[in-house]
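Quick note, the sequences are listed as chains A and B, same order. My numbering numbers the first residue of the first sequence as 132 and each following residue consecutively. My numbering numbers the first residue of the second sequence as 117 and each following residue consecutively.
Hints were generated in silico from the structure; no laboratory data involved. Please note that a few of the clues may not be correct.
Stated by the list, open to error - Pair by pair, the computed Cβ-Cβ distance ranges are:
(1) Val196(B) - Val373(A): 32 to 40 Å
(2) Asn268(A) - Phe144(B): 21 to 29 Å
(3) Asp324(B) - Asn268(A): 34 to 42 Å
(4) Lys138(B) - Ile309(A): 55 to 63 Å
(5) Asp324(B) - Phe364(A): 31 to 39 Å
(6) Phe364(A) - Glu301(B): 54 to 62 Å
(7) Asp324(B) - Val373(A): 49 to 57 Å
(8) Gly170(B) - Ser170(A): 45 to 53 Å
(9) Asp146(B) - Glu311(A): 31 to 39 Å
(10) Val196(B) - Phe282(A): 56 to 64 Å
(11) Asn263(B) - Phe364(A): 32 to 40 Å
(12) Phe364(A) - Thr187(B): 48 to 56 Å
Glycine included, each C-beta is placed from N, C-alpha and C at the ideal position.
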Amino acid sequence: MSTLSLTTSIVDATGRMLAKYTPREKINWGRLGVISVPSVWLFVFFFVPFLVVFKISFAESEIAIPPYSDLMNWDAEDTFLSIKLSLANYIFLFEDALYLDAYWSSVKIAGVATIITLIVAFPMAYLIARSEPNKRNLLLMLVVVPFWTSFLLRIYAWMGFLNKNGLINQGLMAIGIIDEPLIMMQTDFAVYIGIVYAYLPLMILPLYTALEKMDMTLIEAASDLGATPTQSFIKITLPLAVPGIIAGCMLVFIPAVGEFVIPSLLGGSDTLMIGRVLWDEFFQNRDWPMAAAVATVMLVMLLLPIMLVSDGQDKKEEA
Amino acid sequence: MTTATKTPVWKQEGAVPFLQIKNVTKKFDDFTAVDNVSLDIYKEELFCLLGGSGSGKSTLLRMLAGFEEPTSGSIIIDGVDMAGIEPWNRPVNMMFQSYALFPHLTVFDNIAFGLKREGMKRDEIKTRVNEMLGMVQMSEYGKRKPNQLSGGQRQRVALARALIKRPKLLLLDEPLGALDKKLREETQFELMNIQDELGVTFVVVTHDQEEAMTLATRIGVMNHGEVVQVDEPQDVYEYPNSRFVADFIGSVNMFEGRVTEDLPDSVKVESKEAGCLLYVNHGINCAPNQKVSVAIRPEKIKISRTKPDQLMNCLKGKIEDMAYMGSLSVYRIKLEGGKEVRITQPNFSRDMGTRLTWEENVYLYWDVDSAVVLTA
Chain A
132 MSTLSLTTSI
142 VDATGRMLAK
152 YTPREKINWG
162 RLGVISVPSV
172 WLFVFFFVPF
182 LVVFKISFAE
192 SEIAIPPYSD
202 LMNWDAEDTF
212 LSIKLSLANY
222 IFLFEDALYL
232 DAYWSSVKIA
242 GVATIITLIV
252 AFPMAYLIAR
262 SEPNKRNLLL
272 MLVVVPFWTS
282 FLLRIYAWMG
292 FLNKNGLINQ
302 GLMAIGIIDE
312 PLIMMQTDFA
322 VYIGIVYAYL
332 PLMILPLYTA
342 LEKMDMTLIE
352 AASDLGATPT
362 QSFIKITLPL
372 AVPGIIAGCM
382 LVFIPAVGEF
392 VIPSLLGGSD
402 TLMIGRVLWD
412 EFFQNRDWPM
422 AAAVATVMLV
432 MLLLPIMLVS
442 DGQDKKEEA
Chain B
117 MTTATKTPVW
127 KQEGAVPFLQ
137 IKNVTKKFDD
147 FTAVDNVSLD
157 IYKEELFCLL
167 GGSGSGKSTL
177 LRMLAGFEEP
187 TSGSIIIDGV
197 DMAGIEPWNR
207 PVNMMFQSYA
217 LFPHLTVFDN
227 IAFGLKREGM
237 KRDEIKTRVN
247 EMLGMVQMSE
257 YGKRKPNQLS
267 GGQRQRVALA
277 RALIKRPKLL
287 LLDEPLGALD
297 KKLREETQFE
307 LMNIQDELGV
317 TFVVVTHDQE
327 EAMTLATRIG
337 VMNHGEVVQV
347 DEPQDVYEYP
357 NSRFVADFIG
367 SVNMFEGRVT
377 EDLPDSVKVE
387 SKEAGCLLYV
397 NHGINCAPNQ
407 KVSVAIRPEK
417 IKISRTKPDQ
427 LMNCLKGKIE
437 DMAYMGSLSV
447 YRIKLEGGKE
457 VRITQPNFSR
467 DMGTRLTWEE
477 NVYLYWDVDS
487 AVVLTA
């Protein structure tokens, strides 16, 4: 749940970054009123639930409903209010290799998948941005269309493709490229495929927005000044697409880190991702405080770099 | 810019053109944007391609830069056929109408862009760029980004960027289009100075006849993809070769008529519209009785309350409308036959009382060498 609401906050943050070209206006009450709606929404549905999770992370696991201890204890006889904060969860989290490995492996898988997504999405976004205006909307529609099907169903469909007896193996064997079916399911490879496939639209859309804004005469100007197409791409197209690249990468990387469905359906038992650990803590071990601590650390871990990037962008803009 | 005493290159016998455009045609699907254009442009010329929108002038310029390939015909720059040569390998630089400054680079880096592609050393780039910044009077703005500059400043940066590689041929697409009037005049003269200084050959595309008149050594007027007249500015203005050119450049009054007398060095035209016999003292190639137009510029018509002592080129009319524009006044006069004629007169006198005014009956007349007969 925290990853989902986190995504909204990322969208908000990247929106701020993309909007940096609009001039600043005087703050007025109408504007404040408009802003307050999403602010209240975010406060109630993101910040408050986060506080609850944060609180639980300092509790102790108990066999009860809910399965954790109260932080505050009111002793009526002695009129004594005691607050008991357990840091054990956090200490355990940093001592047990399982969690750190899971964090690291999640970041690694999400990072690699994000880079692959970027490489796949860039030419697609470029093509859409450079196609005739009346075709652009159709192409964008095609990018978004998969969202109309359930996410879960689409991942299941991939199982059908990647299976030992799946479509890909059957096809390859029919052409005679391979004799033995390839083992693709329950591997990291399948996880990458799943993440790249599922998050591709989230990368294409911001890239498209950045590329579509670009004036094509800039490329002509560069080539006129002696830049080969490769040089024009590196010196002009790429730097101008940076806001889109950052936005797209964040939109893909952050939910991918906490991804649960894809690694559990497509990945093997050795595919360690923090989303699965979180799930196991909550539902297998019913250790809510531990799960809450895992979620809190993940949030801080993801939020810090974003804030740094966003801050850096703002400073660059001011310079 | 051109010294009157020297014969201009394009009139010299056997001069080798720097840029040759030979029978160039460009078709987009079934639309012909440029139709069999041939032009010879000489070194250190400032050649203006003048035409309305859709006349093919920009397409022609883009073919010189290499952004478009001619459907047929060839472009030869300094003796080298440009067929198949990519834009980045051409000895040509272009200043874009939108300036096309790179928004993520500083003014300095924008100008240095071309030199960096050549792999020039840092120190050398620095000296060259600073020199160029000084020339366009932008030395203090090297660290700014394009969006922190005014329109005029951007235009200077664009010019500096196009000149930094010392191209043999500089192409300018509506260079002054986005500037206000005062800035335009300033930059026009600056452009001419730069051209004198660097000895670059300029090809300028514009739809603005005033810009073409002040800038150009020669003007090529384009219409529907064809070059209809190539001449020095004053010749294009004073001796247009067609109704289109006469009408496109400056304003003109045209009288339809029939040739009644065709001598080697004079023509008499009978015009119902004018209501009198028109006499022009230059010969034309025409059949007897051919339909022609007599074109006369508004400033060449004289206006008077009293009847002048000439019978030809003398019309009668009534002042329909007038506009005082400071240095001159514009009159719209309705002739007896119903045709309207436009006249401009310098305001010699400050006294408003003696001036012609609305509803006055006047005579219009002009000298025998003021008008032009147009057959095309």
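How the hints compare with the structure:
{"no.": "1", "hint": "Val196(B) - Val373(A): 32 to 40 Å", "verdict": "39 Å, holds"}
{"no.": "2", "hint": "Asn268(A) - Phe144(B): 21 to 29 Å", "verdict": "24 Å, holds"}
{"no.": "3", "hint": "Asp324(B) - Asn268(A): 34 to 42 Å", "verdict": "37 Å, holds"}
{"no.": "4", "hint": "Lys138(B) - Ile309(A): 55 to 63 Å", "verdict": "59 Å, holds"}
{"no.": "5", "hint": "Asp324(B) - Phe364(A): 31 to 39 Å", "verdict": "36 Å, holds"}
{"no.": "6", "hint": "Phe364(A) - Glu301(B): 54 to 62 Å", "verdict": "40 Å, violated"}
{"no.": "7", "hint": "Asp324(B) - Val373(A): 49 to 57 Å", "verdict": "38 Å, violated"}
{"no.": "8", "hint": "Gly170(B) - Ser170(A): 45 to 53 Å", "verdict": "52 Å, holds"}
{"no.": "9", "hint": "Asp146(B) - Glu311(A): 31 to 39 Å", "verdict": "57 Å, violated"}
{"no.": "10", "hint": "Val196(B) - Phe282(A): 56 to 64 Å", "verdict": "60 Å, holds"}
{"no.": "11", "hint": "Asn263(B) - Phe364(A): 32 to 40 Å", "verdict": "23 Å, violated"}
{"no.": "12", "hint": "Phe364(A) - Thr187(B): 48 to 56 Å", "verdict": "28 Å, violated"}
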